[in-house]
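Numbering (numbering that gives the first Met the number 0), first residue to last: 0 to 379.
Do not rely on the hints blindly, as some may be mistaken.
[What the hints assert, rightly or not] With a Cα cut of at most 16 Å, we get these calculated EDC-like pairs of lysine to aspartate or glutamate:
(1) K200 with E77
(2) K305 with E224
(3) K365 with E337
(4) K305 with D277
(5) K346 with D218
(6) K367 with E377
(7) K200 with E87
[Unchecked claim] Estimated spans, in silico, between C-beta atoms of each pair:
(8) A105 with S76: 38 to 44 Å
(9) E280 with L75: 22 to 28 Å
(10) L379 with S270: 25 to 31 Å
(11) S284 with V126: 41 to 47 Å
(12) L327 with A163: 28 to 34 Å
(13) L343 with M227: 18 to 24 Å
(14) R206 with L379: 26 to 32 Å
(15) F336 with R206: 41 to 47 Å
Think of the hints as simulated: they come from the structure by calculation, not from any bench. A virtual CB, placed ideally from N, CA and C, is assigned to each residue, including glycine.
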Amino acid sequence: MCKAIKNRYEFVYLFDVNKGNPNGDPDAGNAPRQDYETGKGLVTDVCLKRKIRNYVDITKNNQAPYEIHVREGAFLSEHHKRAHLAIEKETIQMIVPEDLVAEFKAFEAYPDGIVFSNKDGERPCLVLSLVGLEETEKKAKALKEKSKQADVNDTKLISPAAKAKLRELFIDSKEKKAAQWMCKNFFDVRTFGAVMSTGDKRCGQIRGPVQFGFAESIDRIVGKEISMSRTAEVNMRDSTDDPQKGLGARKSIVPYGLYRVHGYISAHLASQTNFSVDDLEMLWSALLNMFDQDPAAARTGMHAQKLIVFKHVGTSNDEKQSEEQSKLGCAPAHKLFEMVNVELINKDKPPRSFADYKKIDFADIKSKAAALGVEAIEKL
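Given the sequences, and given the hints that come with them, work out the whole structure.
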């Protein structure tokens, strides 16, 4: 796979819905989500991530390194077991701090699988072999229970700092190895992160580099509930005089709404999950095409309308300093978002299409962003 991205990104994404329900609220009879104080429509970040996951699943056939962890019908714990199974033949090394070398060298009660290595010309380290780790874990638990007893003659007691180092190696490092395997194989884990600290085979918690806010409509929406009728009976027992005969489902729609969402991509977190340039291109592709691959009776009128990306490239002539600026950013995100102004042509008339809004002046946005050390890119 490619190396992790080295630039910070923000983006503004506009999508609309025409006579559909972009994101129903199960607590409100599946009515379109709405801020009842402003009247504006809402779409959750979870909803958008679901569509991205589905798009990647369809285009990459759920094959590594583009498998989807949070997938419909999947058992998350099975993925965690796969991760631990994949790393069982690996070894983990941890450098021992100088102030603990003598203590670890003299320690005699290491659990099976852990050894202290002090070879000439190499830094002292603890080595954990993951082969047959389950048996090792049982012995380690027995050792732990034994060490709790007041009178311990055959187990050399070690300092809290040394115990913490052993725990870090034996438990935390194993989870980190499993987490790395999950990031390597699952697109949504290395993109959005995941909480994988439940069950017997834990893989820790991962913060994803890509995050979304809630999408909010530019203008007020008015949700409508549509009643439908049917001609068929549910079963043969239904009476022809049944007053419910002919009644069918009800559908909630938004006549029209243009939604705006802000996205954030952290280069720092990308380096931890190895979110790469290829992954970034897959994300852009998903945002541009995911609604076309997500048909449903309730949301056939959803389309991506605009995607403006802000890539931090730096202003310094010094290569090292410019690289640091690219990673940490050259301008506050909210200042960049404010450059993208979306407003109606006729504010006295409710919008019914994207053409009812003023054209976004991208040339002006690009010029203003460049002055701050940010490259503005119009993807759509």
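Results of checking the hints against the structure:
Distance check on the hinted pair: K200 and E77 sit about 9 Å apart at the alpha-carbon level, within 16 Å; holds. Distance restraint check for K305 and E224: the Cα-Cα separation of roughly 29 Å exceeds the 16 Å cut-off, and the hinted pair is therefore not satisfied. The hinted pair formed by K365 and E337 meets the criterion: a straight-line CA distance of about 13 Å does not exceed 16 Å. Taking the CA atoms of K305 and D277, the gap is about 21 Å. The hint is violated against a cut of 16 Å.
Simply put, K346 and D218 have alpha-carbon atoms about 10 Å apart, close enough for the 16 Å limit, and the pair holds. Distance check on the hinted pair: K367 and E377 sit about 14 Å apart at the alpha-carbon level, within 16 Å; holds. With a C-alpha separation of about 12 Å, the suggested pair K200 and E87 falls inside the 16 Å cut-off, and the hint holds. At roughly 40 Å, the beta-carbon separation of A105 and S76 lies within the given 38 to 44 Å, and the hint holds.
Roughly 27 Å separates the CB atoms of E280 and L75, a value that falls within the hinted 22 to 28 Å. A hinted range of 25 to 31 Å holds for the C-beta pair L379 and S270, which are about 28 Å apart. Taking the beta carbon of each, S284 and V126 are about 43 Å apart, inside 41 to 47 Å as hinted. Checked against the hint of 28 to 34 Å, the C-beta distance between L327 and A163 comes to roughly 31 Å, which is consistent with it.
Checked against the hint of 18 to 24 Å, the C-beta distance between L343 and M227 comes to roughly 32 Å, which is inconsistent with it. Between R206 and L379 the Cβ separation comes to about 28 Å, which falls inside the hinted range of 26 to 32 Å. Under the hint 41 to 47 Å, the C-beta atoms of F336 and R206, about 22 Å apart, miss the expected range.
In summary, the numbered hints that this structure violates are 2, 4, 13, 15.
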